[in-house]
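Spelled out, the chains give:
Protein chains: 2
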Amino acid sequence: MTSITQSMLEAIETELQHQVARLDQPGTKPFHEMLTYHMGWTGEGAGPLATGKRIRPLITLLAVSSVIDKEEKQESNDNYWLHAVSAAAAIEMIHNFSLVHDDIQDNSNLRRGRRTVWVKWGAPMAINVGDAMFVIANQSILDLIEHYPADMVVKAARILNNCCLDLTRGQFLDMSYEERNDLGIEDYWPMIGGKTSALLSACTHIGSLLGYAKEKQQEAYRLFGYHLGLAFQVQDDILGIWGDEALTGKSAASDLVEGKNSLPVLFALGKNGKFANRWKQGPITVDEVSAVSALLEDEGGREFAEKMSEEETQKALDYLKEANPQGAAGEEMLGLANMLLKRKQ
Amino acid sequence: MTSITQSMLEAIETELQHQVARLDQPGTKPFHEMLTYHMGWTGEGAGPLATGKRIRPLITLLAVSSVIDKEEKQESNDNYWLHAVSAAAAIEMIHNFSLVHDDIQDNSNLRRGRRTVWVKWGAPMAINVGDAMFVIANQSILDLIEHYPADMVVKAARILNNCCLDLTRGQFLDMSYEERNDLGIEDYWPMIGGKTSALLSACTHIGSLLGYAKEKQQEAYRLFGYHLGLAFQVQDDILGIWGDEALTGKSAASDLVEGKNSLPVLFALGKNGKFANRWKQGPITVDEVSAVSALLEDEGGREFAEKMSEEETQKALDYLKEANPQGAAGEEMLGLANMLLKRKQ
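Just so you know, the protein sequences line up as chains A and B, in that order.
So our numbering is basically just the index in the first sequence, starting at one, shifted up by 2.
So our numbering is basically just the index in the second sequence, starting at one, shifted up by 2.
A hint or two may mislead.
It does not matter which identical chain is meant; a pair holds if it fits inside one copy or across any two.
[Claimed, not checked] Here are the simulated BS3-like pairs of lysine-lysine, each with C-alpha atoms no more than 27 Å apart in a straight line:
1) Lys-122 - Lys-282
2) Lys-276 - Lys-309
3) Lys-262 - Lys-122
4) Lys-262 - Lys-276
5) Lys-55 - Lys-344
6) Lys-31 - Lys-282
7) Lys-323 - Lys-55
8) Lys-55 - Lys-317
9) Lys-317 - Lys-262
The set of hints was computed from the structure by calculation and includes no laboratory data.
Extracted from the complex, chain A is given alone in its bound form (with noise of 0.2 Å):
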């Protein structure tokens, strides 16, 4: 790990205690402590493995900082950064915020390991914890007001909250089909796109705007964050089915079994052959995992998720070669969404 990225996620974990502890008070000290088992600071199996990677928030920054071309800057200026730590801190509870209220909604009792902040709790006071998280969000965001105009302030503000309707739309969506028997490809790119790239697409978009980008810029940097989201989330899905865990059938990460609409499901269920005919009857076992991925394989599923996830790629690249990176941060930024689409360079 390079030294500006070690910087950075130490700047976020610091920013995101100091914004947590909004909540450290007289009275409410068991609430503040629900917020900060989720966080991973503290409870059973705290540590690193339990606070995420903090990816999200790392991308906002290295989205500052890459934008400013080095040769016009001042030395002094380099951890300008900083300025917009709040920021990062704001998309990272965004993201909490939607995974404890995510879990309730799954009924999931594991989170990184962990037990869920509703099965620890209660969902009443898991509902709340989620609330808060989505309050101190917006708190922070605002907080950019120390460092920042209050024109860009009000604009990242805005970003923001559109970036969690779109989420509360790829949610509500993602719930709907449940009770669905008509879904076809089609419906897949509305609920990736709230659920996944939205999120992704803010951090870039804020990013770039925090680092002074002009409007066209900052249009590149948003775009490649949001095919980087759909980009990764299609080999999430391709992962959860034909990856090594899954096709054993031994884990029950297997999405098949969990009835997840994941791309390669949603292309067959378009096709209406024989995979949508076993998948409509009812949950997949465990037992049936490797028939059935070699039935999604057969009707072109795997290989059609493949494509789009070239695609997507692609796409993420060609923006980000758009927006033009600069400095430490650029390559860090490069290296990182390589990283997230599995690609060895």
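Put chain B on the given structure of chain A with help from the hints.
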């Protein structure tokens, strides 16, 4: 109803519909409908009884309009409160977001005589509906940028979100009290300060800010709203036990049956007498309501609550006097305060 109040209520309703229409898009129409149902515009029982009274946004606009002295203004500026209508909508959206999540948390089946969102569409969808309302509230307050300088927009958004964090704190305390057996009067004010007063103080604070009040006058408006909220809640607590409906025991509305930690109850719990003894043994049945409320009165719970109500009412009116609201809006504000405080004049 005078014409300024009427105009404001109409503008509020139009703005709310405009804000919620962000979800009225292909693919998310059923999602949009969940919000319009809760807001009282569509579905069974839609209409004025289902919308609620919109008291909070009305107070907000009355605050805006009552700041500036008529004599100093141009006739054409009479409706300048219209510029602040998206802030009023934001506050009503916050109120409704908290109701949707409260109903899940409290397991409530009915709201304003209609089935609650979670009963109609399930808790997972209802969590998402509340989340979307919260997002729309933030989008609404940021829409102020169309009419106000960016620094005022940031200020208003910060006040709103600080209030929201207080709401989650109050909600946490309320829920955590259910598991405690050592409650006393000192536990009442922080809970009610969050659950009821925070939002009312945000109404008058944001309203006066958007009416271009000076800092000191804003503070008077804010404190007026805060104590108005406390006085209103204490009144509500008294009526929930000794109001006509509650006393007959015929209505499930009795706070004693519901086990609500109201002011009279917390006062008596602190005394640790006969009432506290009975309360700790488990839920009060409908048949017991008369006897238990008499016991509570004997032990001074009613008298104490009435004294607090008087004190808070007086504080609210003192701060209102200091705020010195002007013109027709100022008169309406005083009238509304008196109505909420159940005073004849």
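Each hint tested on the structure:
Proximity of Lys-122 to Lys-282 under the C-alpha cut-off of 27 Å is restricted to the inter-copy arrangement: shortest distance 25 Å between copies versus 34 Å within a copy. For the homomeric pair Lys-276 and Lys-309, the shortest alpha-carbon distance inside one copy (22 Å) is at most 27 Å, but the shortest distance between copies (74 Å) is not. Proximity of Lys-262 to Lys-122 under the C-alpha cut-off of 27 Å is found in both arrangements, the shortest distances being 25 Å within a copy and 24 Å between copies. Taking the shortest alpha-carbon separations for Lys-262 and Lys-276, only the intra-copy value of 18 Å comes in at or below 27 Å, while the best inter-copy value is 57 Å.
In this assembly of identical chains, Lys-55 and Lys-344 lie within 27 Å of each other by CA distance solely inside one copy; the values are 16 Å within and 55 Å between copies. Within a single copy, Lys-31 and Lys-282 get their C-alpha atoms only as close as 48 Å, which misses the 27 Å cut-off; across copies the closest is 25 Å, which meets it. With identical chains, the CA atoms of Lys-323 and Lys-55 are at most 27 Å apart within one copy only, with a shortest distance of 25 Å there and 54 Å across copies. When the C-alpha separation of Lys-55 and Lys-317 is checked against a cutoff of 27 Å, the pair qualifies only within one copy, where the shortest distance is 24 Å, while the shortest distance between copies is 50 Å.
Proximity of Lys-317 to Lys-262 under the C-alpha cut-off of 27 Å is restricted to the intra-copy arrangement: shortest distance 26 Å within a copy versus 57 Å between copies.
The structure agrees with every numbered hint stated previously.
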